[in-house]
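For reference, the chains in residue letters:
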Amino acid sequence: MNKIIFAEFIGPDTKMFRIDAPLIAAKQKPGQFIILRVSPEGERIPLTIADSDTKEGSITIIAQGIGKTTKELNNLNAGDYIQDLVGPLGKPSHIENFGTAVSIGGGVGTAIAYSTAKGLKHAGNKVISIIGGRSKEYVILEKEMRDIADEVIITTDDGSYGKKGFVTDSLKEIIDSGEKVDFVLAIGPIPMMKAVADVTRPYGIKTVVSLNPIMVDGTGMCGGCRAVVDDKTVFVCVDGPEFDAHKVDFRLLTQRNRIYNDQEKESVENHNCRMLKMADEVANG
Amino acid sequence: MAEITQAQRMKIQRHPMPEQDPKVRARNFKEVNFGYDEKTAIEEANRCIQCPKPNCVKGCPVNVKIPTFIQAIADGAFRDAAQILKQDNALPAVCGRVCPQEVQCEKVCILAKKGKPVAIGNLERFAADWERENIGVHPPHVGKKTGKKVAIVGGGPAGLSCAGDLISMGHDVTVFEALHTIGGVLMYGIPEFRLPKDIVQKEVESLMEAGVVFKPNMVIGLSTTIDELLQEYNAVFVGVGAGLPYFLNIPGENLNGVYSSNEYLTRVNLMKAYTFPSADTPIYDVAEKNVAVFGGGNTAMDAVRTSLRLGAKKAMIMYRRTEEEMPARKEEIHHAKEEGVEFNTLLAPLEFKGDERGKLNAVVLQKCELGEPDASGRRRPVPIDGAIVEIPIDVAVVAIGNGSNPIVSRTTPDLEVNKWGNIIVDETTMKTNKKGVFAGGDIVSGGATVILAMGAGRTAAKSIDEYLKSE
Chain A
1 MNKIIFAEFI GPDTKMFRID APLIAAKQKP GQFIILRVSP EGERIPLTIA
51 DSDTKEGSIT IIAQGIGKTT KELNNLNAGD YIQDLVGPLG KPSHIENFGT
101 AVSIGGGVGT AIAYSTAKGL KHAGNKVISI IGGRSKEYVI LEKEMRDIAD
151 EVIITTDDGS YGKKGFVTDS LKEIIDSGEK VDFVLAIGPI PMMKAVADVT
201 RPYGIKTVVS LNPIMVDGTG MCGGCRAVVD DKTVFVCVDG PEFDAHKVDF
251 RLLTQRNRIY NDQEKESVEN HNCRMLKMAD EVANG
Chain B
1001 MAEITQAQRM KIQRHPMPEQ DPKVRARNFK EVNFGYDEKT AIEEANRCIQ
1051 CPKPNCVKGC PVNVKIPTFI QAIADGAFRD AAQILKQDNA LPAVCGRVCP
1101 QEVQCEKVCI LAKKGKPVAI GNLERFAADW ERENIGVHPP HVGKKTGKKV
1151 AIVGGGPAGL SCAGDLISMG HDVTVFEALH TIGGVLMYGI PEFRLPKDIV
1201 QKEVESLMEA GVVFKPNMVI GLSTTIDELL QEYNAVFVGV GAGLPYFLNI
1251 PGENLNGVYS SNEYLTRVNL MKAYTFPSAD TPIYDVAEKN VAVFGGGNTA
1301 MDAVRTSLRL GAKKAMIMYR RTEEEMPARK EEIHHAKEEG VEFNTLLAPL
1351 EFKGDERGKL NAVVLQKCEL GEPDASGRRR PVPIDGAIVE IPIDVAVVAI
1401 GNGSNPIVSR TTPDLEVNKW GNIIVDETTM KTNKKGVFAG GDIVSGGATV
1451 ILAMGAGRTA AKSIDEYLKS E
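If you're matching them up, the sequences are chains A and B in order.
Counting in my numbering, the first sequence runs from 1 upward without gaps.
Counting in my numbering, the second sequence runs from 1001 upward without gaps.
Among these hints, one or two may not hold up.
[What the hints assert, rightly or not] To give an idea of the chain B side of the interface with chain A (calculated C-beta under 7 Å), a few residues:
no. : residue
1   : THR1040
2   : HIS1141
3   : ASN1256
4   : ALA1279
5   : ASP1280
6   : ASN1405
Quick caveat, the hints were computed from the structure, so don't treat them as lab data.
Idealized CB from N, CA, C, for every residue including glycine.
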């Protein structure tokens, strides 16, 4: 059991947690993830570590309440406990001084990009951060990115904040402006990562994405998280989670993330029913 | 009780294991076998002729004093029987259920020469169950504390048996487990209907009572490394088990609905997907659907019988060779057939096919015939030219074994492994090339059985004890 030290909503259904986990904090490197369960009957879900604080002995994770587990997680507050927490899992990001690095985060993906962007900055890169969101309230970690990046560009689909458009529009602008981009990190929804890969491919810019498939154990034992990269099957949990964006089979990734769509709906409905029942019980004393 | 003559003993017929009706049990997750009652156990124990030089003890990978515990059952001293078992076996209730006795102790039982061997496994199970149900599992005896500390990496059969022996020898023992529950394959792999999870946890609890410290959610290599453990502990035993599942390497293997047996069984056993949505972890809904399991080992039998219990319309085994060559325990094959599993042999998968959404809907298979024996001594399946069939299926489970997990070796570069990633040890001592590091179980041998892993754990415990004394 790991205690939640701090919890706060930073966007719609998006919550940031600092969790007491000194062993993980001491070991964590950018790009690695944890697996957690919120209850004794809970599912194991992977979440990338956004940050760690070795002094406090804590790690930061950011979750968007989409499935049952993330919704339940987002009901937890400071002082509550996480049932199980294991990590750091996966290979750390490959970080070196590439020159100019563009870090692109879409929605909650910005949380994952943050840790690696910070590492890229420490390694001496010029870091340009693009933060994308559907609208203003989905733009997260702007302040944190401004603290570490040389430049921050905000884009929103509806133009309610920053530039109107997609992250790829801003990326194209940077490339077209003549800035020599040496490295691109793109983390977010699958269509966004695929779009970024399509933009950088003709320029031959090294581009890395972090994959978030369905996992169970997270240590290579089950093979549920398999993806195809460079025409070879990989296990994202032990071979990744970061891969060369130009070689990832995004179509397969989308297909495999849909495996449990029907059950996921049932599970969320079940969760909502229980929440309503609890609300009724509270209301009726 | 009146003395029984040897002649009378020889006349007693082996007592079959009482079990749930196949039609009923094929649709529930309750244990298949009920176990002997006291009267049956005593009668079966009376079949043992107490050989002066018992082969059975040598046939057992952990050398359980089989005639001695059987005599205790015959005398009605069930508590003693359990204690005798536990001197050599940390998990008797588990082994009584999952050991392949037919190729070990029972195979060499003198009675097997003329008839059926003593039902050693059933008696082992009886003694362990009797203790648990009547007086509670007694923790193993703990020797005088030595002040030495041992870290055990992996809470499966190898690690648990190593822990049980080391705690008895007076050492401090800490077990690190990657998953959230202790037990390894006993929890994630072997299904509830063959090995109830409560029983595993009771045996783990008895080790805890004896003083073994368990640390779940620790992936050694990532959470901490072997080298770091060596700074805090006098010795380390690595028993991380089998690792990455093998796939068939045929087209369509990443379609939705194609599972490794590890994933299929972990979802159901460890994560309790069969109670979904009460438990949060889902599994593909197989109600009224066709499931094909590829492989012929115990894991394949577990997976195919699990799919029946999840409601599959048709649960099929697909095997390249014939039933003769299947590595599964005979009892598992027999049980699977009784429950209605369809056995399709001499069929090698060529391709999985799916719909436009990426959902599996068929498998294409090559019909084979048996040719000359291969390296394993089993006759090799040879394709019959042009004999190709397509069978509609909704779920495929690939149960063809595991490779080694790379996490420990990747993070402990000076630990010697072979080209398959298995840790290299001296087989008599389980010592690795790295000072103070021992290893055993599937990470050394490749995929094997629970009891062989436990045997390796015991051998390692003995040599760790010697190492600690000489240190």
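List of violated hint numbers, smallest to largest: Failing hints, ascending: 1 and 2.
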